[in-house]
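We have chain F already, so just place chain U on it with the hints.
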Amino acid sequence: MDFITNPLSLLILLPAAAGLALLAVPPEKEEALKGLALAATLLTFLVSLKLYAGFDPAQAAMQFPLNKLWLPSFGINYFLGIDGISLLLIMLTTLLMPVAVLASFNYIKESRRAYYVCLLFLEASMIGVFAALDLFVFYLFWEGMLIPMYFLIGIWGGPRRVYAALKFFIYTMAGSVLMLVAILWVAAAHHAATGSWTFSLPALYGTVLTARAQFWLYAAFALAFAVKVPLFPFHTWLPDAHVEAPTAGSVLLAGLLLKMGIYGYIRLAVPLFPAAARQFAPWLAGLGVAGIIYGSLVAWSQRDMKKMVAYSSVAHLGTVMLGIMVFEPAAVAGAVLQLVHHGLSTGALFLLVGLLYERRHTRMIDDYGGLAKVMPAFSAVFMVVTLSSVGLPGLNGFIGEVLVLFGSFRVYPWLAGAAVAGVILSAVYMLGMYQQVIFGPLRHTENKVLPDLSLREWLYLAPLLVFIALIGVWPNPFLRRAMPAVNGYISLSRQNTAPAPVEVKIALGGEEER
Amino acid sequence: MSADPLAYAASALSGPLLLVLAAFACLLLPLFVKQLRGAQGLIALGAVLVAIAFFKRAPEAELAFFDEALLLSPLTAYLWAFALAVLALVIALSISRRAAPEESQGEYYFLLLMAALGLMVLVAAGDLFTAFIALELLSLPVYALAGIRRSKPGLEAAYKYFMLGAFGSGMTVMGIAILNALYPALTFTALKTGPAQPLALAGFLLVISGFAFKTALVPFHMWVPDAYEGAPTQVSTLLAAAVKAGGVVVLWRLFSLFDGGPVHKIFWWLAAITAVSANLMALGQKGLKRLLAYSSVAHAGYLAVAFFGGRRGFEAVLYYLPVYAMATIGAFSVALLLEKDEKGPLIEDLAGLARARPWLAGAMSAFMFSLAGVPPLAGFFAKFYAFAGAVNGGYTGLVVIAIIMSAVSIYYYLKVTVVMYMKPPANGRTAEAPGLLEAVIFLMAAGVLLAGLFSRPLLACAAEASRWF
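Chains as they are written, first to last, in my numbering: chain F, 14 to 527; chain U, 37 to 505.
I should point out that these hints are in silico values taken from the structure, not numbers from a laboratory. For clarity, every value in this text was computed on a predicted model and none was experimentally measured. Glycine residues also receive a C-beta, built at the ideal position from the N, C-alpha and C atoms. You can take every hint at face value.
Which residues of chain F face chain U? A partial, calculated answer using Cβ under 8 Å:
id: 1; residue: L153
id: 2; residue: L159
id: 3; residue: I168
id: 4; residue: L179
id: 5; residue: F182
id: 6; residue: M186
id: 7; residue: V194
id: 8; residue: A201
In isolation and in its complexed conformation, chain F is listed as follows (with noise of 0.2 Å):
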């Protein structure tokens, strides 16, 4: 059985299998029900990291391939594979799934089961989007997440979580929908090409297009990709969905579902329509640098802390489009990085946020102060983490956002200089946030009697200081698994698919070819 020994679909398939499995406990055994959901995910964890050993960081090629029929008459194939880029963020998947299991253990109370099952059905489906080779399977996972995501913001969220779940849903199916408009019309003109269909990518990279079809086709991919990552101006569902969803949706949210879209148009958009791409590139990249600068100063004047953190997400991406739009080596390497450290220090920080909340139930920067004498632990790890965040030397924050600014320097003078502005600007609001909430003195009361960080608290966020400590000093590792996907991409980037302008007409016993 291919599925099952196959650790790429066996990671797709375990934690699904799971998720039914749950459904079968009973509601009321709350403690089977944390204890599977844990269990389930760490042990999807344990396979990735045979992924992981199992991975050559030499090829060049997708690893791990699986290859399935599965709709023959419309040519899709069950076809899974992974390069550098996609492991480190299956890696970063597997990692955060148990730690947002692990911290939802007190915070979610009512309806377990349903909750457990959601997550372990968008874990899945994550992975799914990031292991699919395949067009259809891909655009199944990217599109399957939303029904766990919607129902994780709106049953468990906080006040407007309802306005939140259905803004979340319509926008970024709305933005896809026009995405699946686009795969059909690449599988038809491939099946016009050479009369087979497929939706397999491996094969439909260097379908040559049009200039004017590409550039329709990569505008639908580009919308669809824009909404998720999100890119401004197609941001405005992000601080509903951050700020409502509980504290392991956000962590999830910003950890990973955004990293999708990035992941998009790394996989998709600009190797299947490379013409097009570099006409739209210098536009994203301006974007990318109008979210740093946007994203910053709207998180600057921020007073709910949540809502700091998402906005700071709009920041971070920016930067991250920048890296990916300048195609070159460093700064799509930078990128990757920086989507990595994104996932784990913004991760923290929800979860930071989110540990307060449910000790004093307000998210506001003023009901705090003066937390480092109460809660000492808590206040150096956030320290730590917020450091991180701002992209510290030493910290995994830095790497990244260095070697996107010095690629892109080489390419666009002006947007990286004007990302350094946000970068400062991300130092002046964290530190501020920091500083506040933690140093001078202890004005409210009630935070006197505040409990510093409990077991379960250690443990989900040790995994993610570790990392964040350990991709700072030695980042090698994951950057030399990354670098020959990296090269890929860049090398299909700047392949030319579209045709010369003036067509030529072959004519064949006198009938003209169309």
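Coordinates of chain U only, in the frame set by chain F:
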């Protein structure tokens, strides 16, 4: 299996004959045998199950009978199997919750079986006359079924449906008369090869609008919301799942008589207007049955989009019909389960369903997500196949319109899940012992969940059937 075509035809035609026998048995037997009163549903269900059990795989050929009036092919077999399955489900719904008053039980099942017979003849019809007669055989019982409760909403539904339906039939007859004057034969094969004439175009348009009434394409949809809402929910289910399918098949036959030209242009506009306006009108609906009615109109639009994919598109249509039927039968069954008066529940009556009956709410969300076309549910696969053909045929613009409107439709389908999961219950809901109705609901939910991811067998059947067109 016997290779003799006549033997196959005899066994295939015995299915509809059995329905006729059962119909009269339902109507007459209880008059003489007192013990059978109230058991008409079981007679009807038994007959349909026997017909399904003896259903035979069709030989790989098209058999024409009565001067091509009736065509038996794998396509007919596919559609008959579909019709029998829908009929069995509607009867099951009618047994679990009585649709007609006690004294009208016999008439109810008689009319139901007759309508099913009409549908079976309609999809097998090889010429326009037969199609028209079958259409009337299908429609007249359904008009009566809509008003069988003789209550005010029911009668209003029946009256509106009858008036507009009769108008549609009149147009069809007029069109057939024109075509009859122009062409020597009215079989579809003869019409395809017949020379184009301006007057014939008028005839075709009249016939097409008549069938567009049944399929509920905008602007021929006015009867749909009132009829679906006022008719007993069991009958609304039949309208949405089966009557529409009959109309779609005949429309496809008419559509494929032409290669492009004005008729296709008109279909283009019908599909586009239907997809746009039905989805917009559905946004503001408050009643669950009305919502499903507009959703049914919208889906007719998507089906019309699929026509533009040629043979591949028809394959998609054949896959789409059962997938849509499963979701809509399931959703109507939930409405039936919760209904307190004839007009069915309001959407807000579903509030807190997830708390009280989580599995039921789960099934209802599966139906909603499937109708909305969200993966991994079967509705997504159906839309994907439908639109794939049309894009391949070069009708990207139409697909873009349809797909944007299907993104709009997300809003009203999600509204149902919002009410079920995110609103507190309005009043105390009492858990009932599960019965036949729940069995139907969960069967449909399983279908909607599995028919997509494992669509290969159903798609293969649809592909085989579509080749015999």
